[in-house]
Structures are given as C-alpha cells and as structure tokens.
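Chemist: Taken in sequence, the protein lines are chains W and B. Its first residue numbered 1, the first sequence is counted upward by one per residue in this note's numbering. Its first residue numbered 1, the second sequence is counted upward by one per residue in this note's numbering.
Certain hints may be false.
[What the hints assert, rightly or not] Cut-off 27 Å, straight-line C-alpha distance, at most; resulting in silico cross-link-like pairs (DSSO-like, lysine-lysine): (1) W:K249 to B:K75; (2) W:K294 to W:K128; (3) W:K237 to W:K54; (4) W:K178 to W:K249; (5) B:K85 to W:K87; (6) W:K178 to W:K87; (7) W:K237 to W:K178; (8) W:K54 to W:K87; (9) B:K75 to W:K178.
Rather than coming from a laboratory, the hints here were simulated on the basis of the structure.
Read off the chains here:
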Amino acid sequence: MYGASFGHDRESDATSDGPEAGSDLAAQQDRFDQLIADDARIEPRDWMPEAYRKTLVRQIAQHAHSEIIGMQPEGNWITRAPSLRRKAILMAKVQDEAGHGQYLYSAVETLGTSREQVLDLLHSGRHKYSSIFNYPTLTWADMGAIGWLVDGAAIMNQVPLCRASYGPYARAMIRICKEESFHQRQGYEILHTLAHGTSAQHEMAQDAVNRWWWPSLMMFGPPDSDSSHTEQSMAWKIKRHTNDELRQKFVDACVPQAAVLGVTLPDPDLRWNEETGHYDFGPIDWSELYRVIKGDGPCNAQRLAHRVAAHDNGAWVRDAAAAYAAKQVARAASPEPAPAGAAA
Amino acid sequence: MTADGPRPRSSDWPLWEVFVRARRGLSHNHVGSLHAPDATLALQNARDVYTRRQEGVSIWVVPSDSITASSPDEKDAFFDPAADKVYRHPTFYQVPDGVQM
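Given the sequences, and given the hints that come with them, work out the whole structure.
Modeler: Structure, rendered in structure tokens:
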C-alpha cells in the first residue's frame, strides 16, 4: 500500500556519487537534518543516514513481528470463547493483528529490506518481538486483561508514533491506531462483565489483572536511565516521548479505570501524589523483563516454534498461488487447443 | 478530435493513472489520468495537467492497464463480509459513565 520498495534508487544514488561525494553527503545530511528540524516527514526516496534507516528497519520489523506473534495468545481462546458474540469479536481482533503486521511489513519494504529477510530474522531468533506475548493466556479473563492493559499500553505507545518522522511508518500507525480503539474497549467490556458477575467470575478477572499488570508496565521498555536507543530515536523524532513518560501516562489512565471495574491493581505502593499530579507506583522487576527478552519467558520457545511451523506449513499455499499465476500467464501467451478427451 | 491523419492520435497512446502527494507526510492520492507515449512524458504531462498550482511535491504515474479493479457489478457481494461486523467499531462497546478510554 506504500508503493514499491525503493531500494534501487538508493543503489543508483550511491553509484552516481562522483568526486564531490563528500560535499554531496554533507549537503544531503543538512537537508535531512533540516527536514527533521522542521518536523517534516522523511519519505522513501529521500536520502537518509544509514543509521536512521537501520533503526527504522529494526523498530518497524519488531513492531510487525509483535503483531504477528501477538495473534497466538488470543488465538488460544477463539474456540473456547463463552458466546458467539465474544467469538466473533475475538476473531475480528486477531484478524486486525494480522492486518497490522502486514501494514508494518510493507512499511519495512519501503526501506529496501524485503519481507523475506525480516521474517527470516524473526524465525532464526535474531529479531525480537514484544516480550508481553511470551506470557500464557490461562483463563478467558486474560482476553479482557490483554485488551484493556496490553492493548491499552500499545495504544499509549502507538499514538505518538502517528507523528513519527518516517512517512510510511507514521501513516501505517494512523491506520493501526484507528483500528486498535475497539480492541481496548472490548477487553474492558469483558473484564467489566466478569467483575460484576459471580464471585468466581470476579476472582477470575482479578487474577488476570494480577498477572498482566506488571508485564504491561514493562511493555514501555527499560527505564530511561537504561534505554540505549531512546536519545537518538528522539533526536530523529521517531520517538516523541521517553519510556518512563509513557509508562507514567499509562498508570495514570489505568487507576480510575480499575476503580470502575472494581478490581485492584497489584501494587501496594500505588498512590496519588499531590505534588507531582501523578500516581506513584512500586519498583518494577527489570530482571524479569531482561530474562524474558533473553528467551527465558514462559512461552518464548512455544511462540517461535508455532510461528515457524505456521510459516512452513503454509509453504504449499504460496507455491500453489505461484504455480497458478504462472499457469495463467502461460495460457494467455499460448491458448492451448482443447484437450483430446474433451472433444469426445 | 476525430481528425484521422497519418500521425498517431494521443488516444492511441497508453493511458496512465496519476497519483499526487500533496505534501510530505501524506500518501499519494489518485487525481486522474492522461495519455502519454511513455513513462517520462506521462510524468511531465502529469506535472503540467495536475500540479500547475503546486498541488503536489511528488507524482507517481502507473499504466492504467496495470491496475486491477474490483467490479462495480459485484460491489455488494464483494464488500458484504464487512457489512454485519459492527463490532469492529469502538462505538459498539458500552463504556461505563465516567470512564475515560
């Protein structure tokens, strides 16, 4: 949807660099810097620093992978949704995640990196995806907690990305945010229904919130003091807020929402701070995040194995589509005579 | 306009669809079409026909016969699968009074 990959232009630009390549490069860098300073968007055919391109490929691809892997924890409950209504909604949501992955892979391709390359990086474990999807979905209430907290955190992260400096990424995010808004609401609705149901249902809702709260706070990434990419990404206007700023915003939004649900957030240190105008919250166990990122979460191996198997098992579909297309081209080129048997 | 002559008429030239990016940050939008003998001239003609008042900062031209379009006759059947899925919209869900979401 963003047009073709423009990788070739990049190559021809590089080969046309003559003796004045040095001053050309400086001029291009100036122009790029000026566009960023003016809060303008960088488009695929613009010159951009290699590090900017690399950062975008890494970030957008990881974002795409998260959407694709993110289908698994929720897909787990489609067959066991408690009603046809809930099942239809859950399927629509999982379909959206697949679509969001596609928008983002297309945005990666505008940077001259193919979809096959980044899928290979995911499948071989060299690319990461959001650690939140390495947690299991144990009960139906997890569908509610994921919608409310995980999608809520994702939206908090993604809304500022609609103004990211790279045009195709920003435009993909606008579409995604628009579609995400039902995801959070349906989750909240599930939890609200459970929390106002029987005591067993209320307990189930509370248990899901207990398990998803802290991992959701970790979704914003390491604290600013430990975040290696934040400073450069903010200078390039890919990121607009730091991890800690967004995390605080998320906590502030969730506390009143939890009160209406009638569930408790599992943090004894959570309290309103009159001075700062924000909610204070307890320390996050960062060792858990790093452990899960390293591959030692409850479901890392299962998620990746399932993803690779889905890709491999789908090979015959891709092969069949290519064979059919080739056959159509061949037929159009030389209309075959009717098969001998058909005349009889 | 119906002048038949030895020169090829412009309508014999392939048709090109023109997409213009109004400004940085926006996607290219379809603005119309024109005839041109090749891509380079199509681009130049598109500039003259569609961006005389600085309507754009970037133009794409695409051969019209490269575009596969859905059939208007099949519009209903084609788009029908989305018709009964109102739950894809956030307004489908009740949010309790006072909740900011």
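Chemist: Now, for every hint given, state plainly whether the structure supports it.
Modeler: Going through the hints against the structure:
no., hint, result
1, W:K249 to B:K75, "44 Å, violated"
2, W:K294 to W:K128, "9 Å, holds"
3, W:K237 to W:K54, "15 Å, holds"
4, W:K178 to W:K249, "20 Å, holds"
5, B:K85 to W:K87, "12 Å, holds"
6, W:K178 to W:K87, "22 Å, holds"
7, W:K237 to W:K178, "21 Å, holds"
8, W:K54 to W:K87, "39 Å, violated"
9, B:K75 to W:K178, "24 Å, holds"
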